Each structure stands twice: as structure tokens, then as C-alpha cells.
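Participant: Each chain is listed here by its residues.
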Amino acid sequence: MVVDVKEYDLDREITWCPGCGNFAIMDVLKNTLAGMGLSPHQVLVVAGIGQAGKMGQHFRTNTFHVLHGRLLPVATGASLVNNDLKILAIGGDGDGYAEGGNHLIHAARRNIDVTYMVHNNMIYGLTKGQASPTSEQSIKTPTTPQGNPLEGLNPISMLLGLKANFVARSFAGNKEQLGTILKKSLQKPGFAFIDILQQCPSFNKINTFRWFKERVYDINEEGHDPADLEQAFRLAQEWGEKIPTGIFFEDPEPKPGFREAVLGEKDRSITGPELNPLDIKEIIEEHL
Amino acid sequence: MDVHDYSVKVGGEAGQGINTIASILSRSFADQGLHLFAYQDYYSRVRGGHNFYQVRTATFPVYTFSDRLEVLVALDKASIDLHAGELNSGGVIIYDQDIKTDNPGQNALALPMAALGKEHGGKAVMGNSVAVGAAWQVMGGDLEILENTLGRLFQKKGSDIAEANIKAARAGADYANNNFSGRCRCQLQKGNRKKSLVLTGNEALALGSLAAGCRFVSSYPMTPASGVMQYMARQTHRLPLAFEQAEDEIAAINMSIGAANAGARAMVATSGSGFSLMVEGLSLAGINETPVVIMLGQRPGPATGLATRTEQGDLLFSLHAGNGEFPRAIFAPRTAEEAFWTAAEAFNVAEKYQIPVFVMSDQHLADSYYTMEPFDLNKVTIDRGHILDDEELEQMKTYHRYKITDSGISPRAFPGQGGKCVMVPGNEHMENGYSTEDPVNRTRMQDKRIRKHRSLSGEVKPPESYGKNDPGTVLLTWGSSYGACREAVDEANRQGEKWQVLSLPQLWPFPGKQVLDLIGKAKRVVSVEMNATGQLGRLLRLETGRQPDLAVLKYDGRPMNAGYVLSQVEKGGVFPW
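From first to last, the protein sequence lines stand for chains A and B.
Note that the working numbering has the first sequence beginning at 1, numbered continuously upward.
Note that the working numbering has the second sequence beginning at 1, numbered continuously upward.
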């Protein structure tokens, strides 16, 4: 079925700063979903808090716009209940790597049937420029006025350590690659993690669009086999002059998705407005 | 039939099998047609310590425990040292022969539990059934009933194991018959109840939730709420029910919020500190109008407090938890039977009003066994409130999740239904769910949500009076403390007083007018609660301006009974406000 990308449009003012990486990411996402023949009502976006989380307010789908860092638990609950929806979780680096860090570990462990996009601009945007877990060492921000004493978190290495089902990195300035990765992740059952590097023209004056553009390269184009976890680890350590992007890892022996693991037989629907009282006679008799 | 009221205490170290002995005895009393109240007292440890289980059985309904014992079954020396003094005159001690103790008196039986267990049941651990048999014999129970009970309880583990337990119990009974030279005042009657359920508060909460069609449970283990989630987890293989043990309580409530908005009836079970972590999610459910049921099993705080003990210290916390103002309902069942019906109804209230609903219990209710008539499942109703069907949605141009209505309740739809998109936000929002900071909209939306509180106030479960009409003294209480108050009122009235219990099965919205009407012209209102600050009394004052005249409070982590209430009232109570 052909779906017009315009179906995803919302007549609302977009509140991102000019030059924000979110515009490109949203554009790719809308085109990818429409290109896959998905209508907006077949998609659920669970969005966090931050400029990335606002994406749920800027294009038309089903949206749960939830609390800072809590998008993955909400997506977990929704994915268990409704198997017909394509579920995406969308948040930023503060949302996912700080406030929601614990949930990220367990979403990967559970292998929830969700594609998780982290817009990683290495800074807090909505709260105006504080350091994030991925901010570079020595960057000066309102909360690191003497320079950030810490090294940035390496989310790719962390997710590879968890042997997550699908681990990728892309860049808001490479729409073609992002589209390809997104499509693959949505077609794959289980958890897909995509760290998306993006510029923040208002608050991150170091890791700019140009800074990323000059450094990123595609590991798959250079022959990396996503089944090779050890090679993926080696590549994930690279950061600086060259920044690897692409699909680092796809589990060659896919585990069952979370819904299948928890519910077993797929036909046991636990959703919908129809609700019959559960037959608990047999259970009650055990107490007689 | 003679009236009787007997109590048996089984004491020992954690891991020695006191739960097995006490639960077999409990089930056997029920099978003999008697009423039952059994409570557990345990430490936060897996092995050792001193735990006990106290079973009260009577020919009439019982709601709390007694101070005095007829029989003490001791598996360790501490049980004798600590509890022998609780025996009524003529009370009997049955103790494991391996315990080194001074002569515990004439009315005692040293029982070679392990040896008889091994000889007759094949294993030393069968000594538990030996103790059951001996206690049953000493109390004058019908051995055939005990054997049937054992057969039924152990059948699941195989008929050889059932048979071994029966043999061991028979050996214990024979041993008591031949070796007990004292006298026991118990003569267990056959009660007139046909078949009764024996359930803890936790089990009843879980069963009520299942009966209500709960489809999704996400929780993190915490005493005393673990019993609810574990019971439900055990049913997932045979019911369309998803259970997930979350990484923390923050995740637990957010998973349930996700599940509820995707279409399932969803709940969490937790206790104080765990609920503290859920507070942010509770507030989310407030603004995005998510029906979610929170089973809050209270234990003493602050923080970790007394992990395995009981308290009613979180009433005002659950009422005020969450940033911002939003409607909620708070129920507090008083018995296990009521816990079943309350849990079932909680899901209806949650979905009808699209709000978070609390079902509050406490360790004493959660872990105690009660007997009750089998539930008539035909009386369980499911009311999901206003949910649009696919056809209605197809005819709409767009769906507005937060449509402003007179009742404040907006028709619900789930993502994808009827080809429509559903927007569920955490920000203040317009009718379509998209955020706005417009002040006029904000006021209208907040008014809409608050209007649900008014609609909800119209169908609050009414407060209930028990005791004499035109009472001089009213005991105002809630939750499991009801049992102690009810029996205290019976006792006071037997002594010629005019007392009444006024108890609230639902605490929010607070039925202020009804409470004042029921207090009427009473000379004295005594708030009876398991906490240090008299929270129900405080709530009464907040909502009605009327203040209780005194309070009976207990916050040592151990439950109260009728004797405690009577003695504290006599001493003049306290005034914590």
C-alpha cells in the first residue's frame, strides 16, 4: 500500500531552533514510515522530554508523550499489549543516558519490540545548555563552568556490552544512511537501538554540524559485518578524528521479541475494548 | 452447638516449617466448618530468628487475634520462653523433643517430631505433619477431617507424598493420645459452615483483580506487596495476563501506564518506598487520565522502616502524592473478603473516571488468613466506562482524547482504533492532546479533570456503622484495624456500654457529610489507627472541621486487637493533633 508522506503532517508550529538536527531526523522518519506503507494510525511514538521528545508533538501518529527518561517502560507496556502497532521510542541523550539509563539496560535485556532513537547532540537543549552524559571532556557549560571533568559516555560500546539485538549509529546530516538504518530496524523483530549524532546550533559550539560531517564514515561501506560483535567493539572505541557510523551489530541468532517471550502463544490477546471476565472459577476452587 | 473460641500459636525459626504447620491447621479448622483468623509475625530474614503464626478458630466469625492461647506448638526454645506466659490456665505446650528446656510443666507434650516423621512419613521433614496431628488430637479435632485436608493439600505433589503426610499426622495423633497426660480445655466442634474459602488479604486482592479482567501487572518485589504480584504471576500460564517484574518501581508504574493506554486493564502492587518511586508516574496518570490500579500494602516507614511489620502510615501520603492537583480514589478494604470485591471494583472506578485508584492494605491484612463464603462470581461486574467503538471512530474526522464534557470524562479510544491517532501527553494539552500553554485552555482542562472528582464523589462506597444505635462512643477507623474495633465494640456493649464502630471502606473522595451524620450526637469520637499521628482523624478535621476527641494509636509494627483498643480507651487514649 502506498502512503502519502503528507498524512504524517501536522498543522502545528515547530518550536525547534533554526538549524536544529531534529528537522532532518523527522523528515527521514516520516518518509521511511510512509515508504514502508505504514499509515500514521499504525504507528505509536513514545516520546521523552527534551527537544527530541517534542518530535512526538510535531508529526501525526499515535503518540504517548511521557516523562523525562521514562519512555522505554511506557513503550514496554504498550508493546506487550498491542502487537499491531509499530512502536518507536524517541528521546535525547539526557533523557536516555542520564534519567533513563536503568530503563535502557533493561529494554535491551528484555528485547522489547521497539525501535529506540536517541538524538545525541551531546548537550541539554531544552533546559538551555547544561552538560549531558555524552558531553565531551573539558566542554564548558552552565553546570560545568570550569570545564567538564568527565569523559563522555560511549553508548554504542554500552549497548554492545549488553549484546543488544540491533545497535547502530547515524548522523542527522546523512539522511540516506539514517533512512536505511531506520527501515531495517523497523523490519526487525525485537529491540533496535539507534544513536543519532546531531548538532545543537544553540548550545553545543564544539560538536557542530561541520565537526560531525568532517569525521563520520560508514563502517558497513568499509566492509564491517554486523554479525561480528568483536569487530563492532573495536570500532565502537573509535572517536575523535574519525567517528564510525552504520550498523555495528545485528544479532545473528535473534532471540524472540519480548512479547513472544512473555505471552507465549501470540493469539492470546490481552488488549482491546472487549473484555470478558477472566474465568477464575478453577483458581478459586483451589482455596476451598 | 457449644460456642468456642480457641487460639493456637506455632513458633520457631524461619525455615523450620511453622507456615506449613499453621496453614494445614487453618485449612483443617475451616474444613471442620469453623471460622478463622490467622496472622503471621516474621522477621526480615530467610533463616533463623523467631517467627510465629497464630491461628484463632471459633464457632462464630472472628476478625482479629486473641491475647491468650489454648495451644502453643514450639519448634524452638524461644517459642516456649517467649510465649508460654500467653497460655490460658490449662493451656497446652506441644514442643519438639529436641528442644532442651526445663520441665515446661505438666500440661506439655514432648514430641519426637523428626523421629516419628522419619519412621512414618519417610523423612524427618514430615515431622511438621506429626506436629499437626498431635495438636489436632490434643484439641479434639475429627481425625478424618484432618486426613482429608492433608490428602487434598498434598495431592498436587503426588499421592505418595499425600499418603506420607497423612501417616505422619496419624502417628503424631497416636503419640499424643498415648503420651499426653495433661488436660486440654479445647473440644473442637464441628461448625455449620459448608465450604469456606481460606484466603489472605493479598490472595483476595489478586483474585479480585483477576476477576475484574486485569490483563497487565508490572511490579517490583517488596514486602508485604509481593504476595499480590506473585499470585498473579502464577496465573499467567492459564489466563490472558501479562506479568513483568520491572527493574524498579518507576518502570513498573510507567509500564502499566503504557499498557493501560494501549487498551489493557493494568495494575501495580507495591509498598511505601516503592510507591515513593512511583509518585512521578502517578502524576503522569493524573494529567494524561490513565486508569491504573495501585495496590499499596503498607508497612512501617520512614524509608525501609520495619520491613515485615504492619502500619497504616501512608494514608495522607497516597492522598497527596504526586505534583499538581488531580483526582484519585482511595479504597481500604477491612477484611480479605472485602479485599476481593474492592479490587474488582477498583478497576471499574479507574476506567470509568480515567484516574489512578489506590487499594490500600497493610501487612496485617495482606498476610493474615480469613475464612469467607465462596464468591458469587456472577456478581462481579465489568464497567470500562465510555470507550468508543471502531465504527464511531471511523465516522469522526479526528479523535480528541481529552474532549471537554460536563462530567469531565472524555470518551476513550486506543491507538489505531478505527484508523484514528490518539495523543496521550504529559504536558498540559488541548482537547486533541497536543500541548499548549494557553491560560484559558489550562483553566478549562484543569476544571475538566477536577470535575471528575465531583462526579466520583457521588458514588463513594459509604461509611459503615456497627454496634449500638445512638452510641455514646464511636470508634472511627479504617483498613484492617476494623477487626480490632469491631470486637472491642462487641465486648464493650456486652459490658453495658453503647459503642459503635464507624469504618470507611473508601477514604477518598472523603464522605464527610455521611460520616458526620453517622457520628450524630455521639459524646466521644475515638480515631483508632495503626500510625503515630492519627491520619484519619486529621483527614476528618480537614474535610469536615470536626475533630476526634481522642485517638488510640499503635505504631510498634505489631497489630492491635480488641484488648488493646479497650485498654487504651480506658486509659483515655492520646491526642496527636
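Hints were generated in silico from the structure; no laboratory data involved.
None of these values were measured; they are calculated from a predicted model.
Glycine included, C-beta positions come from ideal geometry on N, C-alpha and C.
Keep in mind that a hint or two might mislead.
Stated by the list, open to error - For each label pair, taking beta carbons as the anchor points, the in silico distance ranges come out as:
id	chain 1	residue 1	chain 2	residue 2	range
1	B	A303	A	K6	53 to 59 Å
2	A	P145	B	E459	53 to 59 Å
3	A	K175	B	R45	40 to 46 Å
4	B	N178	A	E285	36 to 42 Å
5	A	E222	B	R238	50 to 56 Å
Participant: Decide, hint by hint, whether the structure agrees.
Facilitator: Hint check results:
Between A303 (chain B) and K6 (chain A) the CB atoms are about 55 Å apart, so this pair conforms to the stated range of 53 to 59 Å. For the hinted restraint 53 to 59 Å between P145 (chain A) and E459 (chain B), the CB-CB distance of approximately 56 Å keeps it satisfied. Evaluation of the 40 to 46 Å hint for K175 (chain A) and R45 (chain B) yields a failure: the beta carbon distance comes to about 59 Å. As the Cβ distance of N178 (chain B) to E285 (chain A) is approximately 38 Å, the hint placing it in 36 to 42 Å holds.
Checked against the given bound of 50 to 56 Å, the beta carbons of E222 (chain A) and R238 (chain B), roughly 52 Å apart, stay inside it.
Violated hint for the displayed structure: number 3, the only one.
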